[in-house]
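In order, the protein sequence lines correspond to chains A and B. Taking my numbering, the leading residue of the first sequence gets 1, the next gets one more, and so forth. Taking my numbering, the leading residue of the second sequence gets 1001, the next gets one more, and so forth.
Check the hints yourself; a few may be wrong.
[To be verified] Straight-line Cα separation of at most 30 Å, BS3-like style, residue types lysine-lysine; simulated pairs: (1) A:Lys190 - B:Lys1030; (2) A:Lys18 - B:Lys1030; (3) A:Lys240 - A:Lys180.
[Unchecked claim] Not the full set, but computed from the structure, chain B residues with beta-carbon under 7 Å of chain A: (4) Leu1024; (5) Thr1027; (6) Gly1272.
Hints are computed from structural coordinates only; laboratory data are not their basis. Here a beta-carbon is modelled for each residue, glycine too, at the ideal position from N, C-alpha and C.
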Amino acid sequence: MNVVVLVKQVPDTEGNRKLDPGDHTVDRAAVDPVINYIDEFAIEEGLRLKEAHGGEVTILTVGPERATESIRKALSMGADKAVHVLDDALHGSDALQTAHVLAKALGTLEWDVAVAGSEATDSRMAVVPALLAGLLDVAQLTQARKVTVDGSSVTVERVTEGGYEVVEGSTPAVLSVVEKINDPRYPSFKGIMAAKSKPVTVLGLSDLGLDQSDVGLANAASEVVSFENAPPRQAGQIVKDDGSGAVQIADFLAAKKLI
Amino acid sequence: MSDALDRLDLLDLDDDLGPEDRLLRDTVRKFADDRLRPNIRRWFEDGTLPARDLAVEFGELGVLGMHLSGYGCQGATASQYGLVCAEVEAVDSGLRSLVSVQGSLAMFCIRAYGSEEQKQRWLPEMAAGRAVGCFGLTEADAGSDPAAMRTSARRDGDDWILNGSKMWITNGSISDVAVVWARTDDGIRGFLVEAGTPGYSAQEVHHKLSLRASISSALFFDDVRLPASAMLPDGRGLRAPLGALSEARFGIVAGVAGAARDALASALDYAGTRTQFGRPIASFQLTQRKFAEMAVALQQMQLTARRLGELKDAGRIKPHQISFGKFANVSTALHICREARSILGGSGITTEYPVLRHALNLETVYTYEGTHEVHTLVLGSQLTGIDAFR
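One chain only, chain A, in its complex shape (with noise of 0.2 Å):
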């Protein structure tokens, strides 16, 4: 079984994050960069898939020059190559745009699951891997908490707000997972020095058969239009026991839908 695991480079949530006030992109250089934290369960899932069914796992990153450091650590982990599609004028591309050139990098790879986290930690818009599987016309297996692989058929359980439900399709198939899927194994030192030599082919636009009028922030479908920097914490609302303190605050947690 082949995979490939989509990994983003994303600003590390623990660094002070940004917008760029020019253009309204992620401000990459202003907090060090790092492999989406839920990439790296989609990575430690790709590599399990492989040492259960054999075949080859590759990374596939979209990104600048610098997610190089990422590619690089997700080969240390284990993953045998990876593609690094390296355009100047991928710049402020949307998910959309993402997706279509993921879709078509994916067609240059011989492939039987493309395994993605559920969402990215700087954009939060967790729609990449339904995108893509709708534009490869394949299934669509997200939000993954466990996966199971019988031949061509892929079953997994899907995470829901009330539960989970049980989704199969086969292969070729889309698939995202969610961070209770496993424990991401640590890179070994052995595995670090390993990835030095591991093949990392990088492509242009041109190699994908894209034109520069089909991504980038000047053709994007969607556009952030302003932002603002989150509004200071507000006091709290303080729940005096009467009796009914118990009441109210499930109340309170239910409005909310945290209960």
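With chain A's structure known, arrange chain B on it following the hints.
This is chain B only, laid out in the frame that chain A set:
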């Protein structure tokens, strides 16, 4: 905390790390944050350590004996080993002791002085952390003067009969194999003594105020019969164990900079939020002077460790340079931890903060693997050409 770490790197030393070294450093730091830091306070307070479980985890990371080559070892550079020691010791010197005794003392001796059979048998298992080793040189009455050791081995046919005892042996009572140095009619020789050998026992030392998250033991040998194949064939005389100690001291030089960094970062965070007289205590001149002095001293320690790594990787490090590193860095780390403790005030004496725990641990590091005094005299001898203690 990571913000404090960035601020402490005044000389941008981090910028010079290559991509592999940075990923190695970040991986060990994350492992330490995930797996070690949440537990260290409990281990220290309870005076215990799940050392065998941790050895397996360190083995999976590939850091046990990483700077050795072949037999399942990784062939890392000394500088890379130093990076690992700093991140592990940033959590606790006891944890770094676990790693350095396994890799730099026990595995190093087998790699450097062992037979092919001994290497094949032990090194892959020890690199994986499935087997744990210890190193027995010090005795109750022979510390800085190991030549005064009483433990002896005499021939009996092809076998050896080992008698004596060793003291302050890290990992001793949990080890599968002990590298034991003993007098013989052929000078001082090393032997591999396996756990369970009749006449061999180990007893854990309790009631410590330092390195509480580390297993320290006494080893006892009562007519222990060893086959000829238990002897390390290529290590002869005191030079052999002292060579291993030079390896381990290198890890200390880099490691203690981690402990000092952690204490200083903790104080920097604390001073930014602790308010007295209506202002954060970080705003007071006396506090800022402490920070300036500590941060400069820390970076000097890191530069020393880096230089020794360069010399070691170039294959031309000399014993007095290792002594320079241990002499300079351990005392500086101890000073930083004590001074950082003063910034945390009363909170600094609790185990809620790592600062005094580091200082307490460093009291041991100051003494073990060549006391501060012995390293002082090695430097004195190097400078004057006169040995003060031989």
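Hint check results:
With a C-alpha separation of about 17 Å, the suggested pairing of lysine 190 of chain A with lysine 1030 of chain B holds against the 30 Å cut-off. For the hint pairing lysine 18 of chain A with lysine 1030 of chain B, the CA-to-CA distance comes to about 24 Å; that is within 30 Å, so the pair holds. With a CA separation close to 36 Å, the supplied pair lysine 240 of chain A and lysine 180 of chain A exceeds the 30 Å bound. Here the hint on leucine 1024 of chain B is kept, as its CB sits about 6 Å from the closest CB of chain A, short of 7 Å.
Annotation: interface hint on threonine 1027 of chain B holds; nearest CB of chain A at approximately 5 Å, less than 7 Å. For glycine 1272 of chain B, the interface hint is violated, since its Cβ never comes within 7 Å of a Cβ in chain A; the closest pair sits about 15 Å apart.
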